[in-house]
Amino acid sequence: MAALATGCSSSSSTAAGSSGAGNSGNAAGKTVDFIGYGDTNQWAAYFNGVFEKKLKAADVKLKDLTTMDAGTAVQNFNQAIADKPDLIVTALLDTKSMAVPIAKAKQAGVPVLVFDGRPDPKVDGDVLQVVSDNVALGKAAADNIIEGLKAQGRNSGNVVVVTGTASSLVTQDRMQGFSAEMATAPRYKVIETQDGNWDPTLSGQIATQLLAKHSCDGIQAAYGMADYMALPVIASAKQAGCAVGGKNGLIVTSSNCFKAGIDAIKQGTLYGTATEDPGTIANQTAAYVLKYLSGQNPPRKQTVKEERITAANVDQYAVQCSHA
Amino acid sequence: MSTVQTPLDTADTATGGPRRAAAWSDAVAALALVALLVLGAATHRFYTFDNLRAVLTSASLVGIAALGLTLIVIAGTSVSLAISETASVCAMVFLATQSWGLVPSLLVTLAAGAAITALQGLAVGYGEANPIVLSIAAGFALVGVATWVTGGTSVAPHGAGYIHLNATPGGIASSVYVLVAFTVLLELLLRRSGFGRTLYLTGANRRAATAAGLAVGRTITIAWLLAGALFAVAASFSGAFNTTANINLGGTLTFDAIAAVLAGGTPIAGGSGSAVRTLCGAVLIAALSDVLLLRGYSTGAQVMVKGLIVLAIVVVVHLRSRQGAR
Chain P
668 MAALATGCSS SSSTAAGSSG AGNSGNAAGK TVDFIGYGDT NQWAAYFNGV FEKKLKAADV
728 KLKDLTTMDA GTAVQNFNQA IADKPDLIVT ALLDTKSMAV PIAKAKQAGV PVLVFDGRPD
788 PKVDGDVLQV VSDNVALGKA AADNIIEGLK AQGRNSGNVV VVTGTASSLV TQDRMQGFSA
848 EMATAPRYKV IETQDGNWDP TLSGQIATQL LAKHSCDGIQ AAYGMADYMA LPVIASAKQA
908 GCAVGGKNGL IVTSSNCFKA GIDAIKQGTL YGTATEDPGT IANQTAAYVL KYLSGQNPPR
968 KQTVKEERIT AANVDQYAVQ CSHA
Chain H
753 MSTVQTPLDT ADTATGGPRR AAAWSDAVAA LALVALLVLG AATHRFYTFD NLRAVLTSAS
813 LVGIAALGLT LIVIAGTSVS LAISETASVC AMVFLATQSW GLVPSLLVTL AAGAAITALQ
873 GLAVGYGEAN PIVLSIAAGF ALVGVATWVT GGTSVAPHGA GYIHLNATPG GIASSVYVLV
933 AFTVLLELLL RRSGFGRTLY LTGANRRAAT AAGLAVGRTI TIAWLLAGAL FAVAASFSGA
993 FNTTANINLG GTLTFDAIAA VLAGGTPIAG GSGSAVRTLC GAVLIAALSD VLLLRGYSTG
1053 AQVMVKGLIV LAIVVVVHLR SRQGAR
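For the protein sequence lines, the chains are P and H, in the order given.
If you want the numbering used here, it's the position in the first sequence, counting the first as 1, plus 667.
If you want the numbering used here, it's the position in the second sequence, counting the first as 1, plus 752.
Any given hint might turn out to be false.
[Stated by the list, open to error] Label-pair distances were calculated between CB atoms; the ranges are:
#, chain 1, residue 1, chain 2, residue 2, range
1, P, K817, H, Y799, 48 to 56 Å
2, P, A985, H, V786, 27 to 35 Å
3, H, P856, P, T739, 38 to 46 Å
4, P, K972, H, W852, 39 to 47 Å
5, P, K720, H, A893, 38 to 46 Å
6, P, D761, H, H910, 32 to 40 Å
7, P, T739, H, F801, 43 to 51 Å
8, P, P853, H, Y799, 28 to 36 Å
9, P, G913, H, A967, 20 to 28 Å
10, H, V897, P, D761, 40 to 48 Å
[Claimed, not checked] Which stretches of chain P does chain H cover? Using the computed rule of at least three CB atoms under 8 Å from a CB of chain H, they are:
#, segment
11, 724–730
12, 838–848
13, 894–901
14, 910–923
No wet-lab data here; the hints were simulated from the structure.
Positions of the beta carbon are idealized from the N, C-alpha and C atoms, including for glycine.
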């Protein structure tokens, strides 16, 4: 698993600290306040299970402050600062609202590790990071679309995109990678980008309306930003009487692989997806935490390597993507 | 928008509260409709079969859930704020039981939705519990139980019976036919049955209905039970459409259903309203969202317009009806 060191280790008093857990060489007995996503989210439920199991196996004392509410996450973060644990591990439900608490942690000398989505640029240098490569995920989606349309022998085509929450950095990074890659094949044109807010029902509704607006002949490919958003797009296309997949049908792609997405690729309705699976990032985050707590001073930022998945290699990722 | 004469309308009081509310809501709805038709005429592809089909499909799931909510509102028991959570749980039940076959799965799902909501109806009907507080608590409980049972993971179907719900006979989604059928059935139930008359009278004045010896507690409980069954129907279609379900599947269904009921002109105070009004409200909101999307407005703009419509109706229509009742 590739790890990119994008910063130098610092000995200054930052929220990330240097090797704030000291140099005992053992993570056992160290304390971690965990402000991850709540278990009501399917991705988070598996992440939390893997992450907590790994840390508890190393006798790390974990305080569970997980939530799916952005406001509660800020409160929990402030509480965690008061606890003065050896490390705060946090996901960012709202990037901007967490910037101030992260700055407070820096002042208090409590190190912070952000996982999954990257932090607000204002505090980017103040935290340790194990983040998904969202630019790569967007690029993979574009590659799937370009490859799929080429395989159909199309010299032109219109593409629609149903994104995650448009204001989030995760979505913006994916769109950056997606747009840059689509620009390499200008004969395929992105004609609509709509905010699906990570909501499967809304994504299906948007797809239904877009297919009515442009008709089956007017859309050749669609990008739903997660498998659970792409599947309703496929259902919408079928209800509208549009062919999906195959030699002439709609090419649908996604990211954030899930079991249902893998099944859809095998059925030929979903052209492709990409990883960002919870198990891989949970294992990498847990490994990072244990290294940090045992004083090994890992690189301040690690980026999880993401993989593109299509029918050609779906079996290779079927297990990895079937936990949520 | 058609005005449906309810039993309460015919027995309206001298204050004219419900009738005045209906007149104001019709005026607002008519205004929105005219604006929509004009905007639609100036919008490319709005008046096409494909687009009409898309509008009806978008309206169908929200519409079915909103029909259930209509019963709760007419009963004078405000609204349920646990529709999304109930629908999510029902969709999970529907997909989890696919290995039993489509019909048994549907029956179990309906029973689950009816039971979950009827329990709340019992507390509201017999215990006079606050429906808002109760349904918020019920929503939290449902999230907790569902997360505990599934470990937070999505439920995927083991069986393909659910695919039949995604069928499009005559090119129209089957959920649209179901919406129309339930609208007719519910309208008949409200207008032609003793339950319907009791429901209107209970919603208009619960104390008077109790004093008159009407079975208020039972009526409210049945209204909530039927509402839960309709939430389950919407959930079954949603589960079939999305292929997987978890506790977040319900999304904004609670707000969407409330918006459809209010946009149709059913007053939040209860004692009036109809299924046909709710159908019109659901279609009106879906059409407005659609025309905004056709004209290139973002999802955020669509949500804002939906919110403004609800706000306008609540502020203008329902406050006006309160003035009339004084």
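Hints and how they fare:
Under the hint 48 to 56 Å, the C-beta atoms of K817/P and Y799/H, about 36 Å apart, miss the expected range. Range check, A985/P to V786/H: Cβ separation about 54 Å, and the 27 to 35 Å hint is violated. Distance hint for P856/H and T739/P: a CB-CB separation of about 40 Å, consistent with the stated range 38 to 46 Å. About 42 Å separates the C-beta atoms of K972/P and W852/H, a value consistent with the hinted range of 39 to 47 Å.
Distance hint for K720/P and A893/H: a CB-CB separation of about 27 Å, inconsistent with the stated range 38 to 46 Å. Distance hint check: the CB atoms of D761/P and H910/H are about 37 Å apart, consistent with the given range 32 to 40 Å. Distance hint check: the CB atoms of T739/P and F801/H are about 47 Å apart, consistent with the given range 43 to 51 Å. One distance hint, 28 to 36 Å for the beta-carbon pair P853/P and Y799/H, holds here, with the actual separation near 33 Å.
Between G913/P and A967/H the beta carbons are some 59 Å apart, a value that contradicts the proposed interval 20 to 28 Å. Taking the beta carbon of each, V897/H and D761/P are about 27 Å apart, not inside 40 to 48 Å as hinted. Note: the segment 724–730 of chain P has 0 residues with beta-carbon separation from chain H under 8 Å; the three-residue rule is not met and the coverage is violated. Given as covered by chain H, the segment 838–848 of chain P fails the check, having 0 residues with a CB less than 8 Å from a CB of that chain where 3 are the minimum.
Figure legend: the segment 894–901 of chain P, annotated as covered by chain H; annotation consistent (3 residues with Cβ-Cβ distances under 8 Å, at least 3 required). Here the segment 910–923 of chain P counts 0 residues with a CB under 8 Å from a CB of chain H, which misses the bar of 3, and the coverage is violated.
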